[in-house]
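S.K.: Given the structure of chain Z, go ahead and fit chains C, P and W onto it with the hints provided.
Below, each chain spelled out in residue letters.
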Amino acid sequence: MRALKILTAAVCILVCQMISTDAKAWWMWSPGDTVENSTQSMIGSGYHPDQPIDFPHNIHAGNLKMDCQYCHSAARRSQSAGVPPLNTCMGCHKIVATDKDPIKYIAEKYKRNEPVEWTKVHDLPDFVRFSHKPHVLAGFTCQECHGPMQEKVTAAQHAPLQMGWCIGCHKDNLDKGAKISCNTCHY
Amino acid sequence: MERLEFDELDKLSEQKEVFAPDATFEAPVKNIGKGHLFMAVEEVMPEIGATDLEVSGEIAESKGKGYPIARRDVMRLFSASAILGATACVKRPAEKIVPYVNQPIDFAPGNPVYYATTCNECPAACGVVVKTREGRPTKLEGGPEHPVSQGALCAIGQASIQSLYHPERHKSPLFQTNGHAKELSWEAAFDRIGAIVKGSKKVGIITKGSTGSQRKFYAEFLTKIGSKSENVFTWDANGLYSSISEAHRLAFGVEGLPRLELARASTIVGIGSDILDVGTSVVYHSKGLSQALSIKGLEKGELVQFEAVMSLTGGRADKRHVIPVGSELATTLLLVRALHEKTAAKGSKGARAVIASVLDANKGALDQAYDVIGVKKEVFEALAHKMLEKPSVLVAGGTASFDENATSLQVAGIFANILLGAYGSILNFDKGWSASPVKAGDMKRFVEASPDLDVVFVIGTDPSFSLPASYGFSEALTKVKTIISIQNFPAEVDRLAEFILPADHYLETWGDEEPVSGFLSIRQPAVRTTVNSRQPEEMLMWIAASAGAPMGYADYRTYLSAQWKSYYEMAGAKVDYETFVKAVLRRGFIGKLDTRTVGDLIDVKISLTLPESGLKLVAPFDHRLRDGSFAHIPILQEVGDGMTTIAWDSWIAINPNTCRKLGLKRNDVIRVEGPGGFFEGAVFPLPGLHPDAIVAPRGNGHTDKRSTISNGVGFNPLAAFSKAEDKVTGQPVTSGQKVKLSLVGKTYRLAAMQKHHDIGNRSDIIRTTSLATLANEGREKDLDSVPDLYPDILQRGDYRWGMSVDLSKCTGCGACMTACSLENNVAQIGREQILLGREMHWIRLDRYFNGEVDSPGVTFQPVMCQQCNHAPCEAVCPVLATTHDDEGINAMTYNRCVGTRYCGNACPYKVRRFNWWTYKWNTMGEKERDRNIKALNPDVTVRTRGVMEKCNFCVGRLRDAKLSAKERSKEFGREFRVQDSDVKTACQQTCPSDAITFGDLKNPGSGISKLRRDPRAYLLLGGFPEEKEYGLKTMPNVSYLMKVGADNESVAGSEGTQAPKHG
Amino acid sequence: MTTKTAGILALFDYLDDVEAALETIKGRPEFKDHILYSHTSYHELVHHAEERYGPSQVRWFTLTGALTGATTGFWLPILCDLDFPLIVGGKTPAFSSLPPNVIFIFELFVLFGALATILGMLWLGRLGNPHARILDNRLMDDKFGIFVPGARVDGEEASLLKSQGAFEIKKTS
Amino acid sequence: MSDTVQWDKTVSDVNEGILKGVEGRPHPTYYIALVFALTLLAIGITGWGLIISFGIGLSGKSSPVYWGTFITDFVFWVGIGHAGTLISAILFLFRAKWRNSINRSAEAMTVFAVITAGLFPLIHMGRVWNGFWTLPLPNTNNMWVNFRSPLLWDVFAISTYLTVSLLFWYMGLVPDIASLRDRVKGFKRFVYGILSLGWTGNIRQWHHYETGYGFLAALSTPLVLSVHSIVSWDFAMALQPGWHTTIFPPYFVAGAILSGCAMVYNLVVPVRKMFRLEGFIKEEHLEACLKLTLLTSTIVAYAYAIEFFVAWYSGNYYEWAIFKGRATGPYSFYFWTMTFCNCVFPLLLWSRKIRYNIPVAMVICFLINIGMWFERYNIVISSLAEDFLPGSWGHYEPSIIDMCMTFGSFGWFFTWFLIFTKFFPFVSMSELKLIMPKPLRRKPTH
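Chains as they are written, first to last, in my numbering: chain Z, 1 to 187; chain C, 10001 to 11063; chain P, 20001 to 20173; chain W, 30001 to 30446.
Isolated chain Z (complex conformation):
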């Protein structure tokens, strides 16, 4: 009986392993898959990676009330919202707050003509062809998906970004031209 209990416990642990974050990649895995490899975002909302500098969204968008699209200007005309190039930063920070460490960091980068490598937070699988453009054109605010960024320092994943979440919103906005056909996002 004791052996049976140990066995059951082992099986349970194994099953939990298989469902857990890391191991799911293993059992969803197959050699050479390209669609599969970055399948569902296992991390889900709350993902909050470190960034090269702690960019204070709360100061820029909150205190200073800058428009999101001032920096993420591609959002209304492109599929990706775009992270601003260094020259956008340096537009102000040639004179503003030049004594702060993060500003010194980007000033140095700008001088050396090196880009800053940010870590992507809101990451969709490669088989999803999401575009910011129609969402901005339809008048959705950034906060609806990205959360109250004007109160945050660096970005953390706000929405679950699972397909059910997308579909739920699309179904609610059919009158605004949202579609629920598959090739809206997958092609």
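Bear in mind the hints are in silico, worked out from the structure with no lab data behind them. Please read all numbers here as calculations on a predicted model, not as lab measurements. By construction, the Cβ of each residue, glycine as well, lies at the ideal position given by its N, Cα and C atoms. None of the hints are false.
Pair by pair, the computed Cβ-Cβ distance ranges are:
(1) 20083/P x 98/Z: 52 to 60 Å
(2) 30038/W x 20059/P: 41 to 49 Å
(3) 30330/W x 10970/C: 53 to 61 Å
(4) 10969/C x 20099/P: 38 to 46 Å
(5) 30139/W x 173/Z: 16 to 24 Å
(6) 10572/C x 69/Z: 39 to 47 Å
(7) 20063/P x 30159/W: 16 to 24 Å
(8) 30327/W x 20059/P: 48 to 56 Å
(9) 30327/W x 10723/C: 51 to 59 Å
(10) 30370/W x 20133/P: 47 to 55 Å
(11) 59/Z x 30139/W: 39 to 47 Å
A few chain Z positions that, by computed beta-carbon distances, are all more than 12 Å from chain P:
(12) 70
(13) 87
(14) 92
(15) 103
(16) 104
(17) 106
(18) 125
(19) 138
(20) 146
(21) 151
M.R.: Okay, now just chains C, P and W, sitting in the frame of chain Z:
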């Protein structure tokens, strides 16, 4: 693509033809403000036009040395907003976002940037628009207003994206001794070559044919370093250029190729012509021919072809006569005689006298010729009569331009065209002619001059492969002390070279072309160099500088700038020169046609000898691989030959009757023994060949381990030819030599994609009609009025996308397949998989023969997903991986697919493709490599193994167009809909014959709506609605236009008088 | 049968003997709780059981299960389709595709019916009990047995059964 | 038929005679067969491993023949299963007594055949690791399944069929396991005790058992017809000529029963020998099985003929072209093998002599199984290879992996079957007793 005037869009869609209506060149192209403007690369990437030293203020110093400065040594991160897809890795990686340091103006990450440039794969110089994403080209398209390409592009032009990112390009300069290669730094290479050049005054350059400034530049280089400027030897394996140019020199005293405006012709006679296969400018002529042969009211042009081989041009012909190999000249002269006898014949008195004397001189031979070629005199009489009634032209060439009489044939062609009065309207030799990209007899000159040369640069051409070994080129080359091979891809000639310098791909270089005199088509880089390569011209500048004779230009761009001054003056623009250049770069071309006076026909002689009978070898160009310079491009190998559908192979095509006589079966390996040697290959019985013709295409047969794609594929038929030359041009003969065949006793499976070659009496596959039927019974159709239980299915959504394919226009060139594969990241799978029948093309070309084996009719039918409204595939998928959207598109969701493949079975058109493996970019032979990520379209998902895929009407393009329309609506405050001109599918966009039309069926004025109502429209497997017989009732959104026979003659498929019924 | 009742087990060799014994003991109060054991389901014996216990209640299980299945089979496709209405084969979802629903109605009817039947059998037959009391190893071989709880080996009941042909009377505790 | 059976055994011999094999050592041929089956199974496991690691491309399929031997095997095994249910359920309801001696083996065959068949859609899938997407499970993607797909019907039909057959088979086993439990000691007794669910043989259990068994039989009866009808719809629902016909459901069901009966015969005869069960599975029972085979064979022959007739009579060009192609085209070998094995050779069974000649009947049944496999092969492949557009026609030859999986499936099936014969009574003892002369003290007078 940006347009300046949005409001004109609606009007544009009402234009009848999307391409320019008549002679595109003759519309003034001075006006830069109108039409498409793309980006000038210097505006987006300022540093690409400037040297590094300019930036750091050291320019004065460098000018003094006359050194061009390398500016692209450091690959800086020119970057992407997001590292896009397709990176293969097991666990989900934390992706990085790398924004620009200095973002170009008007740039939004995720949006493409377009550059206009000029294709350099053949001397035709089509204008291309390069779509780049985050700094890397992802797709080429024909420049929409460029007069040569007119928006289209051939398969080879499309495929150059794969040669750009080819993983086997040279990675660094190499120094080679005794077959052992050592890597060099660029500095070392230039210094050493400079020293060698300095010590020698006898330097030669072998280069590929071009019409731009580069030949002039090479001559200048040779002069600068103290060598003779005539030592530039041009070589193009396509004998047409030199033979036409030489024939015109003989006939009129001036060189050049007449500009052929086929659109104005009504009857076109091809004598062995290959204008749709290779020709001199395949896209331009396809466009022209398509217009000439299109149905205008109740009339239609006609193409009559006389040929021994089965070319795509012959397949497209309305009437095709099979003549023996080598009898093209006799055929032409017989037609000339028939024309000459007619009173309606045109041409000056003097010219007619010259022609009469030639005809008289060959009277005896001509009288016998009818029997030899097997075409009756009446045929010529009738043809001559018809040709003289309406504007007509005779086009000669093809395999005939590879035999001894190539130039004589062209002279005879000139006779015919003079008698037809084609010069001045259809053939333009005095206004806007084309300079020949090659000089006739250059190779002959080189072989003779080689002992005197110390140094030879071989730039971008590979005569070692494209000339028959018996010609003696390689022997001649080995006599040269130092050979420097400048190639962007490993070539056979490298083996003989001491230095191998990697050259830039044309998408990385500056340059220009002058396809028609007075017309400039510019070439600008669309990407930074992707490997450690340089522009050949700049290498020469470095070498000259290092040899102590600097050329005095900062870089090649500066040299070109100086060359373009004359166009600035011609244009009379009111802006300064810099602004002018910027504008030209954004447009891609500028020009006004040059004019000159051409005299009357000079007394020229032709002597006709009739060909003997017996098996003769013909080695025509493969229409995809040409002389073999494109054999390393996977997609071109994969597209397959149009007529045989064989991919990844060479074959020996023989008339099936001859096969039967000789006891040969398909796939039997035979040895073909010619006067110069032999080769072995597998037999493919091909209808429509002359019984004596043994046709083995050129293009394959590379044995070079450095190129895994082309290595060991097929054979080189040139091995069988003995040395013989065109008497006038010195062009080597690769056609018409007698051969012996013997069985080897092996079989080899040719990877033909199509296994059955007629429609098997299924006449709702290829439907045909005649002009008379159209006149009597033609009325508008409503293909959608099919009795249906679910009448609402066509009413959903704002749009309903549809496509129409004109079977009368399709030539089977394969450009659509190439464009589709590249746009949609379709895998190339290699010979083994094709043998299993696993080709992945989303659009395939079905080729059907009908009629007799000796002179069959040929119909090409492009089949892509028919986007059925009653899709049989959708209902059977257990996991909803394939569904319908409200715009009529059958959507395939790859990531949902579990791979039951039921949809593939349920599809009656068999257009679904399954990923049996995770296909590598080029899984072929033993080697596997990952797909070249850079060559993929970031907007289309890369499919894994185990999922189905298929045509989706380029839904990504549709989405972009719809979003643009929405953006415009928001901006202007009124509703904009997507118009015909806003969106084109990849296949439609590239089709050189305009056979494919795509658009919105909800818009009654759109081109597609009109074509769906056309009397010729029908649905594939849609039965015969006029007899209340609706076939499979899949109700596709793709419709076909029936093939129309000229002269009420029936074409493919009509022998099945009994209509097949679906139960 | 966790509470073990003492009693006697009469073992028979022959079917007709058991039948006769059953006829004899029918209605007699001392045999009220007798249990008949058989190695197979002879009609005669099952017939007796039917008379004694009434028709088997398994049928209600079957009916309930089957009807639940049919209802599930009807609504499952419809609700799923309404949740994410995709156009398939040119048809709008849900109610336009009733014919295939018949298959799900049928399959789930059978599946749920069968599962419920088994559950009924297990429940009513008190099966699935690992501590079942095995009175005699020969009962599932070729013998018949009549167990009379509370009776003694030397009692009246024993002699009655013996007289009816029981070849052995066994005491069970 | 079985009324005339001459029993030389009595009810008392049943348990002893049948369970001896379970307790003792079977004939050496049993071990040879087991090793053989395990070898085949190893081949199959290797094959599937390769497919999962490298891709479904290892099979010989291509465009347009997207389905190959895997689906052939699937239909074949589902078909095999049918005879078991027919024998156990329908013949039970018809009170055909001869079924009682072979129904256990037939049911076991059904269960294992359906398990085998159920593997094939998974083997066949391009991405088997996503196979669970075919079930309507709630998920974060808000994605459901396509209830209009015949494959989904299959998922439901096969899983229902498997569940019901398994329950049916196991319920039949419970009293026999109880008998076994009462004969063995120690650990074995513990295991069999658990498996017997505490069956004591008291009359209430028998009472509910009989009722429940009847209901299960009644519920299984339509399954015999529905499962293979649904499998046939996998084909009939597609537009393919050669598939798209209404005769498919009855045609498939008849074929299934034909192959199943032949398979039962092929299985029972050797096992009867191995475990010395000649006294219980009488020749008369086997002969009855052959009669059923003969009947279904004639139905199948009729279906073949009518299929051809309709193809011609309908005037559907594409349909007729497929049928002409089947008889004369590249797959004509399969077609003629199928015709001879399924329609011609079984005609020998009209002869009573041959029905009682076990070796000859074995060969005929074996040929029928081959013929039935070829029939499915013929239906799947020849319709796909040359359908509507001649330009997309193709060809199919099974690859080595395809054959590995086919043989592997036999290994898988026989492994289970042989294990079953070793550990469980091969003949339903409680039911066998019912058809044997009743243990009466007073012998019946007639």
